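J.: Residues per chain, in single letters:
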Amino acid sequence: MISRAILAGILAIHLTVWSAVASPGIALAGGEHRVIVGLATTCANITTWWHGDPTGNSSLDLVKCSGATSYSEVYWQSYHYSGVSMYLEVVPYTGICTGVRIRSYRSEYPYSSLGDYWYTHVAPYVTVGTSWFAQANFGWTIRALGFVTPSENQNCLNAGLWYGPHLHQGGDNSWWTAIYRNTAIPNPVNPTGNHGANWVNRFLW
Amino acid sequence: MVDLLEPPGREVESVSRLHNLRTMALPAALAAAVAAFVLVSLVAEGETPAPIELRSPPSLEQMQRDTAHLPGEKVFVIDPPPSEPAAATTSGPYRFLWSGFTGSLEVHQAFPVPARGRRSADPALLSASPLYLPLEQELPGWTLVGVHTGDGDSNTVLQQVFRNGSGDTIRITRIYRAYLPIDVLEPRTGPGATMRLERMTVDGLPAYALVRTPASPIPRPWTYLSFVDGPIETVIDAEGFNLEQALDLAKRIRALVGTAETARVSGQ
Chain H
5 MISRAILAGI LAIHLTVWSA VASPGIALAG GEHRVIVGLA TTCANITTWW HGDPTGNSSL
65 DLVKCSGATS YSEVYWQSYH YSGVSMYLEV VPYTGICTGV RIRSYRSEYP YSSLGDYWYT
125 HVAPYVTVGT SWFAQANFGW TIRALGFVTP SENQNCLNAG LWYGPHLHQG GDNSWWTAIY
185 RNTAIPNPVN PTGNHGANWV NRFLW
Chain D
2 MVDLLEPPGR EVESVSRLHN LRTMALPAAL AAAVAAFVLV SLVAEGETPA PIELRSPPSL
62 EQMQRDTAHL PGEKVFVIDP PPSEPAAATT SGPYRFLWSG FTGSLEVHQA FPVPARGRRS
122 ADPALLSASP LYLPLEQELP GWTLVGVHTG DGDSNTVLQQ VFRNGSGDTI RITRIYRAYL
182 PIDVLEPRTG PGATMRLERM TVDGLPAYAL VRTPASPIPR PWTYLSFVDG PIETVIDAEG
242 FNLEQALDLA KRIRALVGTA ETARVSGQ
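Chains H and D are the protein sequences, given in the same order.
Taking this note's numbering, the leading residue of the first sequence gets 5, the next gets one more, and so forth.
Taking this note's numbering, the leading residue of the second sequence gets 2, the next gets one more, and so forth.
Zero decoy hints are in this set.
If you want the ones that stay clear, here's a sample from chain D, every Cβ over 12 Å from chain H, calculated:
(1) L140
(2) G231
(3) R255
These stretches of chain H come out as covered by chain D in the derived footprint (C-beta under 8 Å, 3 or more residues):
(4) 50-60
(5) 108-117
(6) 130-138
(7) 141-148
(8) 152-165
Hints were generated in silico from the structure; no laboratory data involved.
For clarity, every value in this text was computed on a predicted model and none was experimentally measured.
Virtual Cβ for every residue (Gly too), placed ideally from N, Cα, C.
Using the sequences provided together with the hints, build the complete structure.
T.: Rendered as C-alpha cells:
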C-alpha cells in the first residue's frame, strides 16, 4: 500500500511538472476564459480602438455592422478555454454613465478578485449581486446583461462621453488583474465560430 | 483615442484623389459640426434628453436565436422572476430600484454643471482636481497603485486605487453629480441572496452599503459604501473590509474633506 502511495505521489509530481513545462497555456489551478463582443450580432465594427481608463487602453467602442445598435441586446458571452471555472458578480457601476460592471473571482481558494469587466452605455437587466459561474465545459456561458441605450444620462452627456448609441466594452487590464486584451482583434470582428481569434478579452490566471 | 476608421496618413495623393476626398470630406465635416453643435447646445441649455429606460430581459428563445451562430455547447444563465413586486423609491439623493424594475429613470438638475475637465491617469495632474483628497495616510499598509478619471473627467470622476500585500483592492471614487437622483440597483433578497443592502447615514449624510451574505461562495469580506454630500458622491469599494471598517474609513474621509475645504478657503 505504501509503495503504491509513493508511486502515485511521484507520478502526480511528474505529471504536474510535465504539464507546466509542456503546456504553459494550461495553468494548473487556474483557468482561461475568453470573452467575445457582447452585442447580439454576427458582425461588429470597432469604432474606437483600445482606449479608456484605468490604463488608457482598456476598452473598445463597438457598433453593429448593419442595423441599429440602439436597443441591441448585450450578452456576457464567454468561452471556456482551459482550467477551472470563474465566478462572476455584478457590482455597482461606479461612474457617471450607464452600464453594467462585473467583478470576476477565482472559483477556488484563495477566491481572489481577477479584475473588473464592464459594458458601458447599456441599460441593465441584471441587478447588483447577480452572480454566476463561467462554466468550465469547453463551451459557452451566456447571460443577458442589458441593451444598448438609445440615449445617455445627462451627467454622462455633460462630460462629452457619448456620441450616439454604441457599446463600450472592456476590462481592467492593470498589472494586478488577470484580464488581457486582444490587440490583434480584426475589424470588423465576427463574434462567431472562431473564438481563437475573435475574442475581445481573456481572463487568464 | 485612436480611431480605426481613420486611415493612416498618406504621403502621396493624386490631385483628383485629393479632390474627391475633399468633396466627400466637406459634407461629412459639416454634418459632424452640426451634430456637435446640436449636442453642445442641448447640454448648454440644460435640456434633458430622453431618460434612460429599463426593460425586461429577453426570453430564453430570443437568447437562443441571438447566439445560434456560436458553435458548441451553450449554458444560458437565467434568473427566476423577482419574488417582490418591482418598484422604485426615492430617498434623499438616491433612487432605489428593486430587482425587475422597468420604466423611465427621470432626472433633474440639482447642481451646476461643471466645466469640462481632463481625462487622465496622471497623479500629478489629478492632484489638482477638485475631487482629489490625499488618502494615502488614511490607509496604512495599503499602496496607491493608480488614480484615474474613470468614465468621466477630472471635474466629474476621480478614482484612487490601493492594494495591500494580500492582493486586496480598495477603490475610492468621488463623483460630481449635477443631476439627481443616483440610481441604486437593489440586490435580490431571500435565502439565496449573495449580497445585502443597508440604508444608513455617515455623519448625518445619506448613505447606503452593500455587503456579502453567508450565501456568497466568496468567503472574503467586501463592502461597498456610498455617501453623498451636496453634489459629491463618495464611494468606498473595499475588498477585505467589513462594514465597520468601511464606516470608519468613511468618517476619516469626511474629516479629510473638512480639512481640505478649510485649506481651500484659507488659501483664497
